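Asks: Take a look at the letters that make up each chain.
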Amino acid sequence: SQKIEQNSEALNIQEGKTATLTCNYTNYSPAYLQWYRQDPGRGPVFLLLIRENEKEKRKERLKVTFDTTLKQSLFHITASQPADSATYLCALDNQAGTALIFGKGTTLSVSS
Amino acid sequence: NAGVTQTPKFQVLKTGQSMTLQCAQDMNHNSMYWYRQDPGMGLRLIYYSASEGTTDKGEVPNGYNVSRLNKREFSLRLESAAPSQTSVYFCASNKLSGGDSGANVLTFGAGSRLTVL
Numbered sequence: 001s002q003k004i005e006q007n008s009e010a011l012n013i014q015e016g017k018t019a020t021l022t023c024n025y026t027n028y029s030p031a032y033l034q035w036y037r038q039d040p041g042r043g044p045v046f047l048l049l050i051r052e053n054e055k056e057k058r059k060e061r062l063k064v065t066f067d068t069t070l071k072q073s074l075f076h077i078t079a080s081q082p083a084d085s086a087t088y089l090c091a092l093d094n095q096a097g098t099a100l101i102f103g104k105g106t107t108l109s110v111s112s
Numbered sequence: 001n002a003g004v005t006q007t008p009k010f011q012v013l014k015t016g017q018s019m020t021l022q023c024a025q026d027m028n029h030n031s032m033y034w035y036r037q038d039p040g041m042g043l044r045l046i047y048y049s050a051s052e053g054t055t056d057k058g059e060v061p062n063g064y065n066v067s068r069l070n071k072r073e074f075s076l077r078l079e080s081a082a083p084s085q086t087s088v089y090f091c092a093s094n095k096l097s098g099g100d101s102g103a104n105v106l107t108f109g110a111g112s113r114l115t116v117l
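Order-wise, the sequence lines are chains R and Z.
Under the working numbering, the first residue of the first sequence carries the number 1, and numbering increases by one thereafter.
Under the working numbering, the first residue of the second sequence carries the number 1, and numbering increases by one thereafter.
Some clues are possibly wrong.
[Stated by the list, open to error] With a straight-line cut-off of 25 Å between C-alpha atoms, the simulated BS3-like cross-links for lysine-lysine are:
no.	chain 1	residue 1	chain 2	residue 2
1	Z	71	Z	57
2	Z	9	R	3
3	R	63	R	17
4	R	3	R	55
5	R	71	R	104
6	R	57	R	71
7	R	17	R	57
8	R	104	Z	71
9	R	104	Z	9
In short, the hints are calculated from the structure, not lab data.
Since the model is a prediction, treat every value here as computed from it, not as a measurement.
Sequences and hints are given; from them, build the entire structure.
Replies: This is the structure:
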């Protein structure tokens, strides 16, 4: 069955540094991969989607890479700010393409 | 635009009681989903509805039933609540991103926190 692993439960960095979060998956070749942000007490919010034929995608201070050979996506936040503190989830379509499966998330804490 | 609205936000039940979590979306989305989120387990799919009139099981459907009442509404029912169903429940609907047709980009509600004693 498909597996998604976000190999850090928590990541602590200083303001201004670049945060890098990792998402690995197995037993599947997804057409695209998504990243969501979740704040405490709220539902996840969509951030970025990257397709299998895209190596990299950017949105403001966010950058996502997708390596289908390594079966890995990296999520970068440059010039991080305390307001970036949240849990970040990666997600893939299930093999039937009918729903998303999610990693367990990485909780990022940015200190000033 | 309210997006996805879930009620109630909080509920405490006793073991064996029943209840229904309500979800409504005003975005004219076709697909709707129920997930549960537990510490250390992440988000797990309970049931989904690809369109009005259809429902399918997800990863953890046991102990739950769903109803797709119409295009807007998708409810989740616990017939006989158990402590193992203590969780935060999220409803979501499928948004098709403008440049990514066919992608299951989800819009989530704020969640319903359920405690079963």
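Asks: Decide, hint by hint, whether the structure agrees.
Replies: Hint by hint, here is what the structure shows:
| no. | hint | result |
| --- | --- | --- |
| 1 | Z:71 - Z:57 | 18 Å, holds |
| 2 | Z:9 - R:3 | 30 Å, violated |
| 3 | R:63 - R:17 | 14 Å, holds |
| 4 | R:3 - R:55 | 21 Å, holds |
| 5 | R:71 - R:104 | 17 Å, holds |
| 6 | R:57 - R:71 | 16 Å, holds |
| 7 | R:17 - R:57 | 20 Å, holds |
| 8 | R:104 - Z:71 | 30 Å, violated |
| 9 | R:104 - Z:9 | 22 Å, holds |
Checked against the numbered hints above, the structure violates hints 2, 8; every other hint is satisfied.
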